[in-house]
Amino acid sequence: MVRVSMSEPKVWKTFVSSVTALIEEAAFVFSPEGVRMKAMDPSKISLVEFELSPKAFDEFNVKEKTVVGIKLTEFERALSRMKSKDQLILDVDTEKNRLNLVFKGASTRRLGIPLLSMEEEELPEPKLSFAAKVVVRAEVLKDGLKDAEMIAENVRLSADKKSFSLTAESDRGSSELVLSTGDEGLISLEVSEPATAIYSVRYLKDMTSGASASDNITLKFSTDLPLEIDFNVENGKFRYLLAPRVEA
Amino acid sequence: MVRVSMSEPKVWKTFVSSVTALIEEAAFVFSPEGVRMKAMDPSKISLVEFELSPKAFDEFNVKEKTVVGIKLTEFERALSRMKSKDQLILDVDTEKNRLNLVFKGASTRRLGIPLLSMEEEELPEPKLSFAAKVVVRAEVLKDGLKDAEMIAENVRLSADKKSFSLTAESDRGSSELVLSTGDEGLISLEVSEPATAIYSVRYLKDMTSGASASDNITLKFSTDLPLEIDFNVENGKFRYLLAPRVEA
Amino acid sequence: MVRVSMSEPKVWKTFVSSVTALIEEAAFVFSPEGVRMKAMDPSKISLVEFELSPKAFDEFNVKEKTVVGIKLTEFERALSRMKSKDQLILDVDTEKNRLNLVFKGASTRRLGIPLLSMEEEELPEPKLSFAAKVVVRAEVLKDGLKDAEMIAENVRLSADKKSFSLTAESDRGSSELVLSTGDEGLISLEVSEPATAIYSVRYLKDMTSGASASDNITLKFSTDLPLEIDFNVENGKFRYLLAPRVEA
Chain A
1 MVRVSMSEPK VWKTFVSSVT ALIEEAAFVF SPEGVRMKAM DPSKISLVEF
51 ELSPKAFDEF NVKEKTVVGI KLTEFERALS RMKSKDQLIL DVDTEKNRLN
101 LVFKGASTRR LGIPLLSMEE EELPEPKLSF AAKVVVRAEV LKDGLKDAEM
151 IAENVRLSAD KKSFSLTAES DRGSSELVLS TGDEGLISLE VSEPATAIYS
201 VRYLKDMTSG ASASDNITLK FSTDLPLEID FNVENGKFRY LLAPRVEA
Chain B
1 MVRVSMSEPK VWKTFVSSVT ALIEEAAFVF SPEGVRMKAM DPSKISLVEF
51 ELSPKAFDEF NVKEKTVVGI KLTEFERALS RMKSKDQLIL DVDTEKNRLN
101 LVFKGASTRR LGIPLLSMEE EELPEPKLSF AAKVVVRAEV LKDGLKDAEM
151 IAENVRLSAD KKSFSLTAES DRGSSELVLS TGDEGLISLE VSEPATAIYS
201 VRYLKDMTSG ASASDNITLK FSTDLPLEID FNVENGKFRY LLAPRVEA
Chain C
1 MVRVSMSEPK VWKTFVSSVT ALIEEAAFVF SPEGVRMKAM DPSKISLVEF
51 ELSPKAFDEF NVKEKTVVGI KLTEFERALS RMKSKDQLIL DVDTEKNRLN
101 LVFKGASTRR LGIPLLSMEE EELPEPKLSF AAKVVVRAEV LKDGLKDAEM
151 IAENVRLSAD KKSFSLTAES DRGSSELVLS TGDEGLISLE VSEPATAIYS
201 VRYLKDMTSG ASASDNITLK FSTDLPLEID FNVENGKFRY LLAPRVEA
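In order, the protein sequences belong to chains A, B and C.
1 is the number of the first residue of the first sequence in our numbering; add one for each residue after it.
1 is the number of the first residue of the second sequence in our numbering; add one for each residue after it.
1 is the number of the first residue of the third sequence in our numbering; add one for each residue after it.
Check each hint, because a few of them may be wrong.
The list treats identical chains as one, so a pair stands whether inside a single copy or across any two.
As a list, the in silico BS3-like pairs of lysine-lysine whose alpha-carbon atoms are at most 27 Å apart [to be verified]: (1) Lys104 / Lys162; (2) Lys162 / Lys96; (3) Lys205 / Lys104; (4) Lys237 / Lys96; (5) Lys205 / Lys83; (6) Lys13 / Lys142; (7) Lys205 / Lys162; (8) Lys146 / Lys63; (9) Lys237 / Lys83; (10) Lys96 / Lys65; (11) Lys146 / Lys85; (12) Lys127 / Lys104; (13) Lys96 / Lys127; (14) Lys162 / Lys65; (15) Lys104 / Lys63; (16) Lys161 / Lys63; (17) Lys83 / Lys162; (18) Lys38 / Lys142; (19) Lys71 / Lys83; (20) Lys127 / Lys63; (21) Lys161 / Lys13; (22) Lys85 / Lys133; (23) Lys162 / Lys55; (24) Lys146 / Lys10; (25) Lys38 / Lys161; (26) Lys146 / Lys13; (27) Lys161 / Lys85.
It is worth saying that the hints were derived from the structure and are not from the lab.
This structure is a prediction, so every number in the text was calculated from the model and none was measured.
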């Protein structure tokens, strides 16, 4: 039996929106320890991970591990019907094979979406050590990515002991975001050796879309190796891995 | 001669917008008793009725009954040019065969739209008695309809002595709005015998679009019979009849 | 060397947006006297002129006349990335053949767009004297143009000693804006002899789009001759000439 309730359900909406572009179907694992979701996109370029502790819920009725398979576009569409002050109840109806979303506000509304038969995926977790660890304000990173998007499909991330930069270059022009130690937008910078690698702008945009403007985002990367993106929300955690692009 | 003026013309705009999707051309009947419009949509599924008393106007210069035929999309487009603080004057120019909309604000602007040659329609008024009469807050009803729209084209309305519900069901999932006696969104519920019927979501959305969030909407229906929708605005009245859908 | 900086860069954004629809490429001339741009649209129907004094800049480092050729859609797209509180630095990089836009705010971001090889155009300046000079509030003029746009592609401007009007007529209906002496939206009216001429609504809309609602716009015209449109912004000037349309 799974029946959980949240009076601050924004984190769900945010997470689902941020992964809809990456993954089609997701297996949310509800267990007495909380909710987690971990998946790779079909092209195996990225890994997405989401965790929410039972503390994020007002009521958390989960007796045993239950895998809830959902088509993400349908989950997103249903969540979009939630009003800002609504309480959200998620209720798995195994009989009708549905996930019910109950919105409690001035009225009580219920939306049911079909459950997919899915198993929890066992995903290989690459062992990675990173040459650079950079913590930046989400707003600044997002602006840099939007700039880069105008110029090219890929963006170069670089870090040395003094600064972190995000640059794009094409015949359409160039874009550059530089954050140096002491800058307001750069929270911390730990670099064991200079690192530089290229990643997809679109994936980076999707992966950071769940963070609010004032959140801090941690980026870890090494030259030509995968990037890890992390950020925390209250009682929850977002984590992404993204493979580098190789220059043509 | 028809020349009327309103300093709160929002009701016109609202009404015209709400019926544009249902009816193409409308015959507004101006008379010393006020303005009324009554029409059926081309497929005869719905009947639309609108009445506005002379009190809704600052100036109401209507000497004799005059039928003003207008293409509603043109009326809507012209009304969309009105600014929020403008005074609206409607002026029938029989010589040039035009309805003039004069907007008085920081400037005086005039838009003229062609008059159509139309007669007032004699519409059969079905004698209906209703098993259920439900008064709901507009906002709540509209939310329920938007939920249903995601799921199906038709929605089932049901009422018994204790509750009113609006449900949709398809392979895309389900949606349900339940209002029980005592709920904030349910103003009153009078049910002589349980009633349930299916109606088009799109028509219901159009018919309730003229009501503001805080307005009360009256729904009257019986099992598998037409639905009547009513709501009042200051010095005016909206009324709709909608044929039921029969389940396949 | 050209390197200029503005803490109120809105005027650039406004100007570039207002001419993007008219002109594809523009040669901005930076000189110690300020910045100017003057161009005709490809069909030679309109002339566009823009001037900005060095006072509009916090820093104005221009040693000698430099022609900066830019594709306007690219300039507009880059300026759209500027945030409302950003300081804007424009920096011509002759080596990389780029105009750099540097946005300084919570972070420092740089966008580079390709320079085009362009010369300052020598444009014939028609000698014009005008029968009517009308100063109107921008907001009112813009409303009149939007009304006219619904009705026809062209609009008739007329002025006599007592009033200025803007009228459109087609089988879709009619629109009319009349401003008489004393009206709030009419700042001044000087008419040596009655004037009337027809101009393109779309061009007029583009040419006035750079003016804020409360700005005053000066219109000068004579019967069936070109129209001049002028308005000032702080430390700058917009000017347009537009050829009349001849009635079919």
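Worksheet entry | Violated hints - listed by number, lowest first | Of the numbered hints, 4, 8, 12, 13, 14, 16, 20, 21, 22, 23, 25, 27 do not hold.
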